[in-house]
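K.L.:
Here is how the chains run, residue by residue.
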Amino acid sequence: MAALTRRTRVWHGLVLAVFGLYFAAPLVASFVFTVDVPGQGLTGQAYADILGAPGFTDGLGLSLLLAVATIVLVLALVVPAMVAVRLRPGRLGTVVEVLCTLPLVVPPIAFVAGIGSILQLGPERLSDTPLYQTFLAVQDERFPVALVLSYTVLALPFVFRSLDSGLRAIDVPTLTEAARNCGASWWQVLVRVLLPNLRSSLAGAAFLTLALVLGEYTIARILTFETFPVWIVKVSGSEARLSVAVSLLSLLITWLLLLALSSAGTRAKTASEE
Amino acid sequence: MPTVATTVSPPVPDTAPAVSGRAGARPRRSSATLAALPLLVFVTVFFGLPMVAVGIGAVTVTDRATDTTTLTAANLSRSVQGAYLDALTSSIKLSLITAALGVVLGTLLAQAVVASRLPGLRNLVVTASGVLANFGGVPLAFAFIATLGISGVMTELLHLTEAGWSLYTPAGLAVVYLYFLIPLMVLVIAPALDGLRPQWREAAANCGATGWQFWRLIGLPVLGPSLLGGFVLLFGTAFAAYATAAAMVGSVLPLVTLQIADALSGNVLIGQEGVASALALDMVIVAGLVMAIYLPLQRRSARWLR
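Read top to bottom, the protein sequences are chains A and B.
Yeah, the first sequence ends on 274 if you go by my numbering, and it's all consecutive.
Yeah, the second sequence ends on 1306 if you go by my numbering, and it's all consecutive.
Since the hints were made in silico from the structure, they are not lab data.
No residue lacks a Cβ here, since even glycine has one placed at the ideal position from N, Cα and C.
One thing to keep in mind: the hints can contain errors.
Quick look at which bits of chain B chain A covers, simulated, 3 or more residues with Cβ under 8 Å [unchecked claim]:
id: 1; region: 1073 to 1083
id: 2; region: 1104 to 1116
id: 3; region: 1143 to 1157
id: 4; region: 1237 to 1246
Some but not every residue of chain A turned toward chain B, in silico, with C-beta under 10 Å [stated by the list, open to error]:
id: 5; residue: V28
id: 6; residue: V78
id: 7; residue: V153
id: 8; residue: L156
id: 9; residue: R199
id: 10; residue: I232
id: 11; residue: A240
id: 12; residue: V246
id: 13; residue: L248
Kindly generate the complete structure, drawing on both the sequences and the hints.
P.N.:
Structure, rendered in structure tokens:
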């Protein structure tokens, strides 16, 4: 094909410049907003205040705890199921795929409407049964299991996709056969053969879940748990500058995490193609 | 020496199960089911039950005085009337408009990137899109408030308020939504644009086709499923968005997600608790329709992209 004409080049440059501006503007402007205080000039006070802000460590700590618990639970559920499905293809595979994709169809706000009405059953119907204690325990503020369970459901589609592409890249049946022929137990096959081969997609799934949990607002807010995003919204009423500074930092941290993840992904891909 | 039947299966991932010569190299069917069982049970209980609860809540009403639950269509019919209907339609309208804008702008950006033939630029934009598309939520809302809100930096710099700008309107919300919708579209359409081989264009040009004819007869039909799939996906994403809207506008704007949150937080009249479930069911139905259109389209467009 003929070389790109000068006019197309100018047009492409213009398009890229406009989009670049649109995507950079909120970040730059937010930064200016946090450091340029009217009447005081430039100051980094908003960032210095973050660590000491009441509720910051609690909120962030709770979100991180929930993230770790969710990652452990979701991987423990999905990995064995997907490996088994690879080794025994059949109807079960379709079932697992559909179940893991379904949560995408339901908006989180509709999902939490259901969770809310189930949690309400506790005090309303079950107050004189032993189940009532369970209902109270899953809503413990220090470690709300109800949130872990909900986030696990929300994370299923992402974890499924990440692991699915990882499993596609390796030959599970052959690896398993080789290991089994060498006398490995099923547990050894999983832990010493398959999981090391799936390292990058497991890390990918974990990162995505981490980012999801750290940013999740809807469910925590409706069930009234003070996670990190809920805390940001709460402080925004009184300390606008602080909330913007925290938002900016958390955006940058999440993006760095995801960026690290996707560049690791591309590297793994190029490595496997070589 | 016994021959081991390893020659039967070439290492083709993703297809045919390897045929094994030895017992025990494949799990029995029952143990495969056993390994998948925790997942199946988990999804049934912690996803299935809440969804059933939404369904039941939407079609029943409980009388607190007598503690009886009766079937009713009142919740559902209330959820498509008055203020709730307004919220539903304005949610759908906002989602349609932002999705359409997202498709056009995302395709424009992706086309400029792909056609620039700079692999570095393409990788950069696609990676950045993957990051931007996934997670907006609360932090994004605050970044925009600081930028284009009432005392936002750009608002004051460019005197936008005098020009009639307000972030807390559907138009303002659309500007924020596009921040994650455009990257989402780039992710959907970039592979499809890659699949549009330069050779096709050359072949068309050699046969005397104009640029317009190329796009109308070849480009758009090939891109069609991806464009439509992208539109549907963007619509679903915008429709389900809650955190961004809630952090930005509170409940100033009537949106169905905000209405559900309001109803769930107890801000409804006595006897209307079921309305939250009914609205949630409405949303699931709309989102379900969206996915029912999207998934087959995605498969169809995948055909061209090998």
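K.L.:
Could you work out which earlier hints the structure fails to respect and list their numbers in ascending sequence?
P.N.:
Of the numbered hints, 1, 9 do not hold.
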